[in-house]
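Asks: Under mature numbering (1 follows the signal peptide of the UniProt record, and there is no 0), read the sequence shown as residues -17 to -1, 1 to 487, first letter to last.
In short, the hints are calculated from the structure, not lab data. Since the model is a prediction, treat every value here as computed from it, not as a measurement.
Only pairs whose alpha carbons sit at most 20 Å apart, straight line, appear in this in silico PhoX-like list of lysine-lysine:
1. Lys278 x Lys291
2. Lys454 x Lys427
3. Lys291 x Lys271
4. Lys449 x Lys427
5. Lys117 x Lys93
Here are the computed distance ranges between Cβ atoms for each label pair:
6. Glu433 x Met260: 29 to 37 Å
7. Asp75 x Thr23: 15 to 23 Å
8. Val300 x Gly422: 26 to 34 Å
9. Arg153 x Thr318: 32 to 40 Å
10. Ser262 x Asp432: 42 to 50 Å
11. Arg374 x Ser262: 38 to 46 Å
12. Ala261 x Asn212: 44 to 52 Å
13. Arg374 x Val300: 23 to 31 Å
14. Ser343 x Ile118: 38 to 46 Å
15. Gln279 x Phe130: 45 to 53 Å
16. Val300 x Ala377: 23 to 31 Å
17. Ser444 x Arg153: 50 to 58 Å
18. Ala377 x Gly422: 26 to 34 Å
Ideal Cβ placement from N, Cα and C applies to all residues, glycine included.
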Amino acid sequence: MMKSVLAILLLVSLVHGKNYLAMEINEMEPEDLKEFLSDTSERYLVLAFRGEQCSSCRWQLYYPNLLTYYFENENDMIFGTIETSKAGRVVDFCDVDPESAKLEIRLITKGGTRCLQHLDTESLIDFVTEATGKIAKKSYVHMQNEFTFKNMQADTKVSHFVEVMSPFERPCYDFSIQVEKAAEAFAMEPAVDFNRIDCSLSHDLCDELQIDRVPNMFFLPAEGVAYNNTFPRLPTADSIILYLNDLIGTHRVLDGGLDEDFGRDATLDALANEFGMASEAERQAIMKRVKKERKQYVNSAVYYGIMKDIMANGTDVIYDRINSTYFAVNEMSVTDAKYAPLVARLNILHQFETFEPTRSIIMSPQNTDRVLNGERNVMVMFYDLRCPVCRDFAEVYRDAFQKRSRSVYFASVNAARYETLRLRFNITDHPVLKYFRAGEPLEKAQTIDERTADGIVEWLSSDLAKVELEKKQKEEKEAAEMAAELDEEEEPPKDGNTVEEAEL
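Given these sequences and hints, build the entire structure.
Replies: Written as structure tokens, this is what we have:
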């Protein structure tokens, strides 16, 4: 029976290599420990000692490494590992047996006043929570064994994403954290659940599933889900989320929220775009069409309500509505019942947004494709609000906006907040200026190194002049070629009469 199930599964052996998006347990040196034995330390240290008699201890750090995810929001906690022979007097302070043949885990409290021992019978998470009072993040990944797997497999009401791992394989450390992040993003999504099989505990199940190496993953589709035997492009949380969104039609993002397409409809988006450029009479006709087809589109009432608002209060009201809705969404938990309708409204509001060179554009995933549509010149500043240099440069950017040519649109985006945009445009530092020239592919955007308002304006003026010159030269060349073709068509036959006379 299992072999028939495997016919619809695609087991994927992941690339073995470091994933820099994952948190990781720190390799400690003797000098690193001094702070934690002084009364000046303001952090907790969870430390895994590796004794000389424990040849496999280096490969037993899977669960200590997972702690870095469960407590990632706690800035006063450090997770580390060290060879016992290098730990010096910390060995005595923490009562660690140098000859121990297993991983010895201790927690040094703030100020180095106590060193608490973790017992094998106690959960690591419970141990840390009891010692520090810190509450771990909830895991949304369900552990499966031979018995529970069969029950999960029989449940076809939801789809199942399954991770296969072993705590003794180093590449599993990073991937498990990525799966935890993806599972957290789908915590409010009933269409799929996340599961984990530990092959070091469930040997028979892994043999039955024909697992030849770990980490691995596979997908069990729910009834009615068309599974195309594909798999995530990369073993990262972002890639897993995008893969599942595409496969089961969800709209999740890494922080557990909803993406920029949620709640929208392509037909109604097109009508929203028409509405922005239409006359009053044409707008009335568009509204009648939306109202007439309200049963066909789930959120047609939202589109209609926004159109009615614009008719009553003018086009500029859309910016007030976007701002107020944005702040409401930003302050709301993704688990709030009002969250999804508000995100849908925000996404739809952005479809009515008009872009003018006289107004600086605040870019987000909801309007990026409309701003960078290839039909306008756009300068974009990618920034991070936590970056002091970015805050100073914002003044420079505003000054450049006031002095710029009116044929260039200015936009800015918080790349630290919108991970999808940061990855899409390969932003690795902040602030970054990119210039998207009209008529050119987005991937050809130029990075601008200027850091003064006058420098930015001069660069733009130079580029615009260059483009204008190239356009003029191209037009002159085309005109000359066309004139040459016309001359050739109108030229009479040479010595026509002479030929006839010779023949006579």
